[in-house]
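Going down the list, the sequences are from chains H and B. Residue numbers for the first sequence follow my numbering, so the first one is 1 and each next one is one higher. Residue numbers for the second sequence follow my numbering, so the first one is 1 and each next one is one higher.
Any given hint could be a false lead.
What the hints assert, rightly or not - Capping the alpha-carbon separation at 25 Å, the derived lysine-lysine pairs in BS3-like fashion look like this:
1. H:K57 with B:K535
2. H:K57 with H:K202
3. B:K512 with B:K535
4. H:K57 with B:K512
5. H:K202 with B:K257
6. B:K461 with B:K445
7. H:K57 with B:K257
8. H:K57 with B:K461
9. B:K512 with H:K202
Hints listed in this document are in silico derivations from the structure and should not be mistaken for laboratory results.
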Amino acid sequence: MKTSGKVLAAQVAKIKDSDVFSIRSENLPTWCPGCGYFGIHQGINNAIQRMNIPHHKVVTVSGIGCAGRYSFFANTYGLHTVHGRTLPVSTGVKLANPELTVFAVGGDGDGLAIGGAHLPHIARRDINVNYILFDNSIYGLTKGQPSPSSPPGFTTKVSPAGSTEQPLNATLLALSYGATFVARLFAGDPEGITAALIEGIKHPGFAFFHVYTSCVTFDKQFKTWDHLKKWVHPLPENYDSSNHAQSIAHVLEDDYSMGILYRKQDS
Amino acid sequence: MSNVDLTVEICGMSGDGTIAAGGFLNAAVAKAGFSVMAFDSYPAEIRGFGRCVTRCRIGDEEMLALSDKTHVLISLDDEQSQSRLSGLAESATVIFDNKPPSMVPEGASLAAHVEAGTNLVGIPFRDLAAQAAGSTRGRNIVALGGFAALFEMPPEYFHEVITKKFQAKGASILEGNLRCFDAGYNYSKEKYADRIADTLSSENGNGNPDRILQSGNIAIGEGAIDAGVRLYFGYPITPATPIMEYLAKALPEKGGKLLQMEDEISSIGAVLGSFYAGTRAMTATSGPGFALMTELITHGVMAEIPAVIINTQRGGPATGLPTKTEQSDLQAAVWGGPGDSARIVLAAANVPECYTYTIKCFQLAEKYQTPVIVLTDFFLNNRVETMAPISISEEEKADWNIYPDKEDQNNFHRYRITESGISPRPKPGMEGYSYTATGLEHSEKGGPDYTPENHMAMNSKRHRKIEGALNDMPVPEEYFVEDNLDLGVISWGSTFGAALEAVQKARSNGIKVGALKIASIYPFHADLIRSFMEKCGNILIPELNYEGQLAGLIGHLYDKDVIKLNQTTGVPIYPVEIYQKINEIMSR
Chain H
1 MKTSGKVLAA QVAKIKDSDV FSIRSENLPT WCPGCGYFGI HQGINNAIQR MNIPHHKVVT
61 VSGIGCAGRY SFFANTYGLH TVHGRTLPVS TGVKLANPEL TVFAVGGDGD GLAIGGAHLP
121 HIARRDINVN YILFDNSIYG LTKGQPSPSS PPGFTTKVSP AGSTEQPLNA TLLALSYGAT
181 FVARLFAGDP EGITAALIEG IKHPGFAFFH VYTSCVTFDK QFKTWDHLKK WVHPLPENYD
241 SSNHAQSIAH VLEDDYSMGI LYRKQDS
Chain B
1 MSNVDLTVEI CGMSGDGTIA AGGFLNAAVA KAGFSVMAFD SYPAEIRGFG RCVTRCRIGD
61 EEMLALSDKT HVLISLDDEQ SQSRLSGLAE SATVIFDNKP PSMVPEGASL AAHVEAGTNL
121 VGIPFRDLAA QAAGSTRGRN IVALGGFAAL FEMPPEYFHE VITKKFQAKG ASILEGNLRC
181 FDAGYNYSKE KYADRIADTL SSENGNGNPD RILQSGNIAI GEGAIDAGVR LYFGYPITPA
241 TPIMEYLAKA LPEKGGKLLQ MEDEISSIGA VLGSFYAGTR AMTATSGPGF ALMTELITHG
301 VMAEIPAVII NTQRGGPATG LPTKTEQSDL QAAVWGGPGD SARIVLAAAN VPECYTYTIK
361 CFQLAEKYQT PVIVLTDFFL NNRVETMAPI SISEEEKADW NIYPDKEDQN NFHRYRITES
421 GISPRPKPGM EGYSYTATGL EHSEKGGPDY TPENHMAMNS KRHRKIEGAL NDMPVPEEYF
481 VEDNLDLGVI SWGSTFGAAL EAVQKARSNG IKVGALKIAS IYPFHADLIR SFMEKCGNIL
541 IPELNYEGQL AGLIGHLYDK DVIKLNQTTG VPIYPVEIYQ KINEIMSR
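Please take these sequences and the hints and turn them into a complete structure.
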């Protein structure tokens with residue numbers, strides 16, 4: 001995708017003008033113009049701002065991949081760790097100093113493939129970490145390979161005939177693993193991300209945020225902006241986020257409802 | 001050499017109480033004031049039907065190693081014990097059940113297999129146990145009673161350790177066991193009155209009951225607690241699990257926490273996270289788990305985050321020999337993982353060092369902002385030895401973190417290039433010093449930076465820092481060093497005790513041989529090692545690995561080839577094996 005200098009300048013100006021600016025570090029995001037990660041960035045930063053959490057009491061632990069670079073772009077303490085290990089590393093950070101607000105940040109490859117063994121365990125330990133999974137269903141930093149959440153038929157240079165594997169549903173996994181707070185969100189709705197994060201940060205245990213986002217450079221087939229905008233919708237009006245079994249049943253039926261899907265009441 | 005040097009071996013099948021009897025024996029002779037080194041060997045399968053052997057070497061001086069020769073064999077199962085007869089010293093004593101149960105095949109009695117001249121002591125273990133306590137279960141205790149009388153060991157030491165073990169189980173069990181002991185004791189005393197030796201009498205004990213009987217595992221656990229560790233992350237693996245079991249009890253008492261993680265990758269990840277946030281944490285593992293940790297260890301190197309990892313080596317490669325000892329992870333500890341990832345590696349040679357190095361490594365990790373690996377091994381962790389209690393000063397546990405100054409606030413360069421390579425490291429929560437620690441090559445401020453000059457400068461910074469750590473690391477220890485030695489023996493880890501004993505013996509036979517113990521594996525004191533080597537006509541490096549891993553690391557410091565003695569039998573090396581090699585070299 002070609003981007004004119006004007007579009008790029010407008011993108012940067014938009015971030016500078018928003019209240020994101022005070023928490024943005026001097027390292028400008030290296031994501032492609034139009035990347036959904038800008039929206040997630042804005043959502044996270046707004047939550048920190050609105051909750052008045054001092055930036056030096058926030059630690060952002062990130063993995064490898066485009067999403068992993070997030071920790072460089074926020075003016076918090078950051079720990080850019082190796083591929084797939086954000087959850088155990090953030091467990092150590094949180095237990096070492098429970099006063100810190102800890103975010104774990106990574107993509108779908110980082111969290112569902114190489115690091116897929118850690119989600120069940122941080123969930124069952126209910127460590128008070130806020131895990132934001134940036135799910136664009138593709139490996140972007142390695143220039144476009146299928147990820148564990150890519151659909152069958154997804155064609156890339158390493159799946160020229162189309163991927164034949166079934167996708168993982170991270171929201172369903174988190175609910176099944178017993179995560180005590182689960183939200184599904186859309187990168188095109190930073191305000192929705194902020195609102196859910198504020199609730200999740202207040203939640204005393206593990207909080208999981210599954211964010212649908214688009215890779216504008218390598219995905220022209222699946223999670224494109226056009227598709228996502230068409231597919232996502234709010235949760236039903238009478239949705240009861242305190243009912244675990246109903247949350248699972250709902251997620252099995254609906255892949256694109258956005259909001260707080262489950263919050264354990266007594267925790 | 002010492003006057004008392006008695007190796008007692010107890011051999012039986014799983015279920016005979018062999019290892020338990022060894023525990024009583026070790027504790028009682030230690031209480032009597034003798035030095036002890038003891039080591040068990042048992043099958044890897046918990047319910048497996050296998051041979052259990054425990055060896056206890058008793059002396060009146062510090063015991064450096066196990067001995068190859070058994071002076072007393074206590075057989076709780078004659079079929080199993082037959083294979084142990086070849087290890088008997090001349091005129092050894094064999095204590096066995098001379099009235100075994102009827103199911104024992106004919107000819108299986110040890111009596112039919114021992115060499116002439118063996119002091120054969122038959123005691124009806126089972127019958128005496130049944131009479132004393134109503135069941136044959138206490139036969140191992142009867143055997144200990146018989147042993148104690150034969151060597152004039154005062155019974156009160158055994159009474160004390162038996163009481164300590166059984167008093168919580170109620171009066172009837174305790175008294176039954178005490179009666180079992182006395183039955184064996186009295187039987188031996190009467191029946192073998194003419195064969196009693198005063199080896200373990202009160203006069204021969206050196207009267208140093210203040211010493212404690214300690215294993216490497218517990219020493220490491222206590223070291224961690226005394227160093228102020230409050231977080232432990234680990235994954236069960238033989239032979240490191242006992243450290244985790246100890247800390248699972250000890251940490252909560254100190255307000256700490258232990259998490260059993262989902263794998264070793266998570267364990268080291270959480271340790272790095274804790275240190276990043278400013279809290280001492282630790283993990284312990286063995287070869288296969290260590291291999292999984294290597295990527296994150298190099299992350300600690302690159303991002304300059306401290307970590308402490310105990311690697312209790314076992315036989316390898318791969319799953320290898322989980323319950324056998326080896327020293328084959330040295331190169332993996334020093335070089336394992338991607339890139340030029342210099343880190344600190346220490347090796348403990350005995351139980352006291354398991355304690356002191358565990359404490360030391362936290363300060364090294366903090367000051368030099370790097371993972372520190374302490375190498376131990378199955379033998380060292382699982383053996384017990386008598387040691388004087390060590391008291392650690394506040395200074396030795398002090399926080400060695402270097403925090404940034406006020407003037408760095410709000411313009412903080414986390415990875416500032418300094419002469420020492422050390423750049424101050426804040427804790428999250430300190431205002432004005434936010435930075436991102438990263439495993440990418442980075443600029444002084446911490447952002448990704450792959451420019452040629454930056455990568456050179458940063459590699460150099462990290463390596464200067466590790467070289468500088470030598471100033472705070474244990475120097476090589478020299479033994480019997482003089483100019484023009486015919487031979488120098490360089491050794492590390494649990495092999496060192498055997499090497500030193502071999503050197504002592506060779507010197508008593510007039511051979512000009514010295515020894516050097518290396519505890520700082522990486523970085524190492526090249527100048528000091530070289531100056532020792534220069535005094536020696538030959539250099540011998542005995543190691544429990546096939547490739548000669550320490551020899552590979554330091555051999556180039558010598559102006560000719562070093563001589564290697566490599567053994568991968570899964571069992572500790574005996575002093576005699578190194579002594580024979582010394583003689584072979586000297587007769588060339």
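Here is how each hint holds up against the structure:
1. H:K57 with B:K535: Answer violated: H:K57 to B:K535 is near 58 Å, above 25 Å.
2. H:K57 with H:K202: Answer holds: H:K57 to H:K202 is near 15 Å, not above 25 Å.
3. B:K512 with B:K535: Holds, because 11 Å separates the two Cα atoms, which is no more than 25 Å.
4. H:K57 with B:K512: Between H:K57 and B:K512 the Cα gap is close to 63 Å, so the pair fails against 25 Å, i.e. violated.
5. H:K202 with B:K257: OK: H:K202 and B:K257 at ~24 Å, within 25 Å.
6. B:K461 with B:K445: holds (14 Å)
7. H:K57 with B:K257: holds (22 Å)
8. H:K57 with B:K461: At roughly 29 Å apart (the allowed maximum being 25 Å), B:K461 and H:K57 break the hint.
9. B:K512 with H:K202: Distance ~73 Å between B:K512 and H:K202 Cα, so the pair is violated.
Violated hints, listed in ascending order, are 1, 4, 8, 9; each of the other numbered hints is respected by the structure.
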